[in-house]
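**Q** Residue numbers (the numbering used here), protein chains in the order written: chain A, 1 to 122; chain B, 1 to 581.
By construction, these hints were calculated from the structure, which means they are not laboratory data.
One thing to keep in mind: the hints can contain errors.
What the hints assert, rightly or not - Simulated crosslink set (DSSO-like; lysine-lysine; CA at most 27 Å straight-line):
hint : chain 1 : residue 1 : chain 2 : residue 2
1    : A       : Lys-87    : B       : Lys-508
2    : B       : Lys-486   : A       : Lys-29
3    : A       : Lys-27    : A       : Lys-15
4    : B       : Lys-508   : A       : Lys-92
5    : A       : Lys-92    : B       : Lys-141
6    : B       : Lys-511   : A       : Lys-87
7    : B       : Lys-141   : B       : Lys-97
8    : B       : Lys-508   : B       : Lys-141
9    : A       : Lys-18    : B       : Lys-418
10   : B       : Lys-487   : A       : Lys-29
11   : B       : Lys-511   : A       : Lys-92
12   : B       : Lys-418   : A       : Lys-29
13   : B       : Lys-537   : A       : Lys-87
14   : A       : Lys-27    : B       : Lys-486
As the list claims (entries may be wrong) - Pair by pair, the computed Cβ-Cβ distance ranges are:
hint : chain 1 : residue 1 : chain 2 : residue 2 : range
15   : B       : Ala-293   : A       : Ile-42    : 46 to 56 Å
16   : B       : Ile-100   : A       : Pro-57    : 51 to 61 Å
17   : A       : Ile-33    : B       : Tyr-463   : 27 to 37 Å
18   : B       : Ala-39    : A       : Met-62    : 48 to 58 Å
19   : B       : Ser-174   : A       : Pro-57    : 37 to 47 Å
20   : A       : His-113   : B       : Leu-485   : 45 to 55 Å
21   : A       : Ile-41    : B       : Tyr-405   : 14 to 24 Å
Quick reminder that beta carbons are idealized off the backbone N, C-alpha and C, glycines included.
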Amino acid sequence: MSDPHIIENDDHVHKLAKPFLFLMSQKVKRGFIIVPIVGLIISIIFGFIYPLHHPSPIDYAMPGYSWAVIGFVSYAFVVLASHPLFKLLSRKEDYYGEEEMGIEREPDEPVIHVAVEEPHHD
Amino acid sequence: MIDLLTAFNPGFILMFAGVLCALFPVHYLRKFLVIAAPALALLALIIGYNGDEIIKGVVGVGDLTLTTLRIDNLSIVWGYIFCVAGILNGIFGFHEKCRITDSSALIYTGAALGAVFAGDMVTLFVFWELTAISSVFLIWKGGRESYAAGMRYLAIHVLSGVLLLAGAVVYSRSSGTLDFTSDITLAGPGGLLLMLAMGIKVGFPLMHNWMQDAYPKSSVTGTVILSAFTTKLAVYALARAFAGEEVLIYIGAVMTIFPVFFAVMENDMRKVLAYSLNNQLGFMVCGIGIGTAMAINGVAGQVAVHIIFKSLLFMSMGAVLYRVGTAKASELGGLFKSMPITTVFCLVGAASISAFPFFAAFVTKSMIIASVLEAPHFAGQYVIFAMLLFASAGVMEHSGIKIPYFTFFSHDSGKRVKEAPWNMLLAMGLASAFCIVVAAPGGYQLLYALMPDPEQAAKFHPYTGDHIAFQMQLLFAAMLAFALLKKIGAYPAERRAQILDFDWTYRKLGKNVAVWTGQMWTRMSAHLSILRGKFFKSAANRLYNFFSPAGAMSESAPSGLAAVMTASMLVITLLMIYFGT
Numbered sequence: 001m002s003d004p005h006i007i008e009n010d011d012h013v014h015k016l017a018k019p020f021l022f023l024m025s026q027k028v029k030r031g032f033i034i035v036p037i038v039g040l041i042i043s044i045i046f047g048f049i050y051p052l053h054h055p056s057p058i059d060y061a062m063p064g065y066s067w068a069v070i071g072f073v074s075y076a077f078v079v080l081a082s083h084p085l086f087k088l089l090s091r092k093e094d095y096y097g098e099e100e101m102g103i104e105r106e107p108d109e110p111v112i113h114v115a116v117e118e119p120h121h122d
Numbered sequence: 001m002i003d004l005l006t007a008f009n010p011g012f013i014l015m016f017a018g019v020l021c022a023l024f025p026v027h028y029l030r031k032f033l034v035i036a037a038p039a040l041a042l043l044a045l046i047i048g049y050n051g052d053e054i055i056k057g058v059v060g061v062g063d064l065t066l067t068t069l070r071i072d073n074l075s076i077v078w079g080y081i082f083c084v085a086g087i088l089n090g091i092f093g094f095h096e097k098c099r100i101t102d103s104s105a106l107i108y109t110g111a112a113l114g115a116v117f118a119g120d121m122v123t124l125f126v127f128w129e130l131t132a133i134s135s136v137f138l139i140w141k142g143g144r145e146s147y148a149a150g151m152r153y154l155a156i157h158v159l160s161g162v163l164l165l166a167g168a169v170v171y172s173r174s175s176g177t178l179d180f181t182s183d184i185t186l187a188g189p190g191g192l193l194l195m196l197a198m199g200i201k202v203g204f205p206l207m208h209n210w211m212q213d214a215y216p217k218s219s220v221t222g223t224v225i226l227s228a229f230t231t232k233l234a235v236y237a238l239a240r241a242f243a244g245e246e247v248l249i250y251i252g253a254v255m256t257i258f259p260v261f262f263a264v265m266e267n268d269m270r271k272v273l274a275y276s277l278n279n280q281l282g283f284m285v286c287g288i289g290i291g292t293a294m295a296i297n298g299v300a301g302q303v304a305v306h307i308i309f310k311s312l313l314f315m316s317m318g319a320v321l322y323r324v325g326t327a328k329a330s331e332l333g334g335l336f337k338s339m340p341i342t343t344v345f346c347l348v349g350a351a352s353i354s355a356f357p358f359f360a361a362f363v364t365k366s367m368i369i370a371s372v373l374e375a376p377h378f379a380g381q382y383v384i385f386a387m388l389l390f391a392s393a394g395v396m397e398h399s400g401i402k403i404p405y406f407t408f409f410s411h412d413s414g415k416r417v418k419e420a421p422w423n424m425l426l427a428m429g430l431a432s433a434f435c436i437v438v439a440a441p442g443g444y445q446l447l448y449a450l451m452p453d454p455e456q457a458a459k460f461h462p463y464t465g466d467h468i469a470f471q472m473q474l475l476f477a478a479m480l481a482f483a484l485l486k487k488i489g490a491y492p493a494e495r496r497a498q499i500l501d502f503d504w505t506y507r508k509l510g511k512n513v514a515v516w517t518g519q520m521w522t523r524m525s526a527h528l529s530i531l532r533g534k535f536f537k538s539a540a541n542r543l544y545n546f547f548s549p550a551g552a553m554s555e556s557a558p559s560g561l562a563a564v565m566t567a568s569m570l571v572i573t574l575l576m577i578y579f580g581t
C-alpha cells in the first residue's frame with residue numbers, strides 16, 4: 001500500500017452506477033450465457049415463422065436458422081484464429097522503435113486505485 | 001444574407017472560421033466559432049438546396065474553368081452529415097484549450113465539405129490535399145510520439161493527391177473535360193490512377209495502414225475529428241466516379257473481412273476502432289461496386305449513420321483516455337462504476353454499429369447486404385453475401401462486445417475516475433439520440449428522405465419479421481459464441497503487444513533496406529574513393545614519366561620517326577578529304 005491513491009473502500013462508485021453493481025457479481029457473469037441462449041431460441045422460432053424473403057443457397061440448406069449458424073461459426077472462427085495469429089504477428093510494444101507511448105496520456109486528474117479482490121483479466 | 005451564404009462552397013465558411021481561430025487568443029470565442037461555423041454551413045445547405053442540382057462558383061483560372069460548387073442529391077448527403085459531425089466534434093472538444101486543434105479542425109472539416117461539393121477534379125484535388133495538410137496537425141497534437149506517424153500519414157495522403165491529379169490530367173486530355181462525373185471508368189484513361197488515389201484514402205487492403213497508424217496516436221479530440229471526414233470523402237469520390245464498378249465489390253468484401261482478425265488481437269481500443277472503421281468502409285465500398293439505386297442509397301445512409309456512431313465510439317474511448325490516461329484493454333475494466341453515462345453511450349454506439357434493431361446501422365447496413373442478393377448476377381454473388389454476414393459477426397465481436405465489455409465491465413481494474421466532462425457527455429448524448437432516431441420506425445424515413453433516390457429507398461422495409469428474426473439470430477449466436485469461449489477460457493486475454501500489419505513493409509523492412517543501402521553506399525563510397533585515388537596517382541605518374549623533362553617525350557628521337565609520323569598524318573588527312581567529299 002505504498003501508493004497513496006490506493007484505498008480499501010469503494011466510495012468512488014458513481015451514484016448512477018450503484019444500482020447496477022450486481023452486473024459485476026460472479027453469479028451474474030456466470031449466468032449471462034442464458035441471455036444469448038434464450039434470445040437465440042426465440043429468434044430461431046421466429047426464423048421458422050418468418051422465412052427469409054430473399055433466401056440465398058445457405059438459407060435453403062439451413063432453413064429458419066441459417067444466420068444463427070453463420071453468426072456462431074464466424075464469431076468462433078475469428079476468435080479462435082486470433083490465437084495462432086497473435087503468436088505469428090505479435091511483437092514487443094517498442095518493436096518499431098517509436099514506442100507506442102503516444103497512445104497513453106497523463107489523465108486530466110489523478111486516477112484513484114481501489115483494491116479489488118478478483119485478479120485483473122483472465 | 002442567405003443568397004450570399006449559398007453563393008459559394010460552404011466549405012469556405014469553415015475554412016475562413018479556421019483562419020480566424022488561428023488568430024483569436026480568446027478560448028470561448030474560438031469555441032463559439034468551432035460550433036457556429038458548421039452550424040451556419042448546415043443552415044446554408046438546408047435553405048439553399050431545394051432538390052435541384054446547383055452549379056455555382058464557376059471561375060476561370062488560366063485556360064481552366066473550375067466549378068467550385070456543385071450540389072446534387074448525392075453530395076448533399078455528405079454535406080449535411082459533415083456539418084452535423086463538425087458541430088458534434090466542436091462540442092466534444094469544448095474543454096480543449098488549443099488554438100491549433102480548433103483551427104485545423106475547422107479547416108479540415110471545411111476542406112472535406114469543399115471537396116464533396118467540388119464540381120471539377122482540380123477543385124477536388126485542392127481540397128483533397130488540404131484535408132491531408134490540415135488534419136496532420138490533429139495527429140501531431142497527440143504528442144512527441146505521434147510525429148513519425150503524422151509524417152507517414154502526410155506522405156501517404158500527399159501521394160494520394162498526386163495520383164488524383166495525375167489521373168485527372170490523363171482523363172481530361174482524353175475526354176476534354178475536368179468535370180468530376182460518373183463518366184469515369186476504371187478501364188478508361190486515368191481511371192486506375194483515380195481509383196488508386198481514392199483507394200488510399202478509403203483504406204483499400206494493403207493501403208489501409210495509415211488509419212491504424214495515425215488515428216490512435218492523435219489527441220483525444222483529434223481522433224474523433226479524423227474519424228469523420230477523410231475516409232468518407234473518399235467513399236463519396238468512389239460513389240461519384242466508380243458506382244457499379246464490379247471490382248469494388250470484391251475489394252469491399254475483402255475490406256470487411258481482414259480488419260476483423262486484427263481487431264480481435266489489438267489491445268489498444270482506439271486501434272480496434274480504427275480497424276473497425278476499415279471494416280465498415282468495406283461495406284460501403286462493396287455497395288458502391290454493386291451500384292444499384294438501392295445499394296447507393298444504402299451506402300449514403302451508412303455513411304450518414306456511420307460517421308455518427310463511429311464518432312460516438314471514438315468519443316467514448318476518448319473520454320476514457322482523457323480520464324484514465326490509457327485506452328488499452330489490458331489496463332481497463334470495471335469503468336462503468338465510474339463512468340456510467342459514458343458506458344450507456346458506448347453501448348448505444350456498439351448496438352448501432354452491430355446493427356441491432358432500433359439502432360442506426362440496422363436499416364442501412366441491411367440495405368447494402370440485401371442489395372447484394374437483389375443485384376443482377378455477378379461472379380461469386382453468394383460468396384460475397386456470405387462474406388458480408390461473416391463480417392457482420394466480426395463487427396459484433398470487435399465493436400459490439402470487445403469495446404464495451406473490456407472497457408466498462410470485464411474484471412474490475414480498480415481504477416476510479418470522474419465521469420466524462422459535460423461537453424463530452426453532451427456530444428455523446430446527441431450522437432446517441434441521432435443513432436436511435438434514424439433507426440426507429442417512423443424515424444428512418446427521415447434518413448430515406450436524404451438518400452440519393454428516396455423513392456427507391458421507400459421500397460425497402462427494414463422492420464419485417466424475417467429481417468428482425470434473422471438479424472437477431474446472427475447477433476445472439478455471436479453473443480453465445482463469446483459467452484461460451486469465455487466460459488471455457490478460449491477467449492484470448494488482452495495483452496500489450498505490437499501487432500504486425502502490412503505497414504511492417506515500410507516501417508521495418510523498408511526502413512531496414514534504406515539503412516542497409518545507406519551503409520553500403522557509405523562503404524562503397526570509401527572504397528571508390530581509394531580506387532579513385534589510386535587511379536589518379538597512377539595516371540599522374542604515367543603522365544609525369546612521359547612528359548616530364550626526364551620523361552620519354554624529352555628524349556631525342558631519330559629524325560626518321562618524325563618523317564614517318566608526318567607522312568602518316570598526311571595520308572589520314574587525304575583519306576578524310578577524299579571520302580568526306
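**Q** Could you run down the list of hints and mark each one as holding or not?
**A** A quick look at each hint next to the structure:
1. This hinted pair checks out: A/Lys-87 and B/Lys-508 have alpha carbons roughly 19 Å apart, not beyond 27 Å.
2. Distance restraint check for B/Lys-486 and A/Lys-29: the Cα-Cα separation of roughly 10 Å lies within the 27 Å cut-off, and the hinted pair is therefore satisfied.
3. Note on A/Lys-27 and A/Lys-15: the hinted pairing holds, with a Cα-Cα distance of about 22 Å set against a maximum of 27 Å.
4. Distance restraint check for B/Lys-508 and A/Lys-92: the Cα-Cα separation of roughly 14 Å lies within the 27 Å cut-off, and the hinted pair is therefore satisfied.
5. Distance restraint check for A/Lys-92 and B/Lys-141: the Cα-Cα separation of roughly 25 Å lies within the 27 Å cut-off, and the hinted pair is therefore satisfied.
6. As the CA atoms of B/Lys-511 and A/Lys-87 are separated by approximately 24 Å, the hinted pair is consistent with the 27 Å bound.
7. A hinted pair counts as satisfied when its Cα atoms are at most 27 Å apart, and B/Lys-141 with B/Lys-97 qualifies at roughly 12 Å.
8. This hinted pair checks out: B/Lys-508 and B/Lys-141 have alpha carbons roughly 25 Å apart, not beyond 27 Å.
9. Restraint check: the Cα-Cα separation between A/Lys-18 and B/Lys-418 comes to about 15 Å, which is no more than 27 Å; the hinted pair holds.
10. For the hint linking B/Lys-487 to A/Lys-29, the alpha-carbon distance of about 10 Å falls within 27 Å, and the restraint holds.
11. Straight-line distance between C-alpha atoms of B/Lys-511 and A/Lys-92 comes to about 18 Å, which keeps the hinted pair within the 27 Å bound.
12. Between B/Lys-418 and A/Lys-29 the CA atoms are separated by roughly 25 Å; this keeps the pair inside 27 Å, and the hint holds.
13. Our distance criterion of 27 Å between C-alpha atoms is broken by B/Lys-537 and A/Lys-87, whose separation comes to about 59 Å.
14. Under the criterion of a C-alpha separation no larger than 27 Å, the hint pairing A/Lys-27 with B/Lys-486 is consistent with the structure, at around 15 Å.
15. Range check, B/Ala-293 to A/Ile-42: Cβ separation about 35 Å, and the 46 to 56 Å hint is violated.
16. A hinted range of 51 to 61 Å holds for the C-beta pair B/Ile-100 and A/Pro-57, which are about 55 Å apart.
17. For the pair A/Ile-33 and B/Tyr-463, the beta carbons lie near 28 Å from each other, so the given range of 27 to 37 Å is met.
18. For the pair B/Ala-39 and A/Met-62, the supplied restraint of 48 to 58 Å holds, since their beta-carbon distance comes to about 50 Å.
19. Hint check: B/Ser-174 to A/Pro-57, Cβ distance near 43 Å, so the stated range 37 to 47 Å holds.
20. As the Cβ distance of A/His-113 to B/Leu-485 is approximately 30 Å, the hint placing it in 45 to 55 Å is violated.
21. Between A/Ile-41 and B/Tyr-405 the beta carbon distance is about 23 Å. The supplied range of 14 to 24 Å therefore holds.
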